[in-house]
Amino acid sequence: MSDVNHDPMHSTARYSIGVDLGTTHCALSYVDMNASDGEKTAQGVLSIPQLTAPGAAEERELLPSFLYLPHDNELARGDMTLPWTQERRFIVGELARSRGAGTPIRLVSSAKSWLCHPGVDHRAAILPADAPEKVERVSPMESSVRYLTHLREAWNHAHPDVPFDQQDVTVTIPASFDPAARELTAEAAAAAGYGRMTLLEEPQVALSIAGFRRATARGASR
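Per the numbering used here, residue 1165 is the first one in the sequence shown, and the count goes up by one each step.
Heads up, some of the hints might be wrong.
[What the hints assert, rightly or not] Mimicking SDA-like on lysine to any residue, the simulated pairs with C-alpha atoms at most 25 Å apart in a straight line are:
hint, residue 1, residue 2
1, Lys1298, Glu1251
2, Lys1204, Tyr1179
3, Lys1298, Gly1266
4, Lys1204, Ser1193
5, Lys1204, Thr1336
6, Lys1204, Ala1191
7, Lys1298, Val1309
Honestly, the hints are just simulated from the structure, not real lab data.
Predicted model only: the values in this text are computed from it and were never measured.
Start from the sequences and build out the full structure, keeping to the hints where you can.
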């Protein structure tokens, strides 16, 4: 486990937020620390607004880890509008996956895997890997920034009174990530506005959850 930009002077965050930056899906869960004690946990999963069709945003518990880069005249004005912005020029999530199925040269997928690929420049605009020269490309790190930013913006839209950057945030990473991939993930999170953030390997997450459940069960039995 590694702390990134964690300020011990600010330990009064209301929420403990967990972000799974997944290869195929991203998710955000949270615990309301003010409403939790040894016998109960106030836990939830954020419903994430995302485009499901041009001009149509719906809430889903999972954000597919897909980024679609449309050409300038592909969609009408407003087709990429999200509840918190009208200025987006790319698509993240469900519509990115479905639209990219028909135009794969404009679809970025498995960006998380590219972060740990030893043979590429992770900050270079190389994705989509098979895109022709005329198609816009982004780096593996920028793709991750866009997924993480979407999650932060979705949180702030749902919880405007408790801003994301004032909560304690944990981002999970695979145990297989080498130090370079960990650093790239931390850099992407910082670029996405994750100020108080801890990186935690996925096996440690499982152990932490198991330990928490045992402690909660003991508290409930007293």
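- Against the structure, test the hints numbered earlier, and report the numbers of the ones violated in rising order. When the structure is compared with the hints, none of them turns out to be violated.
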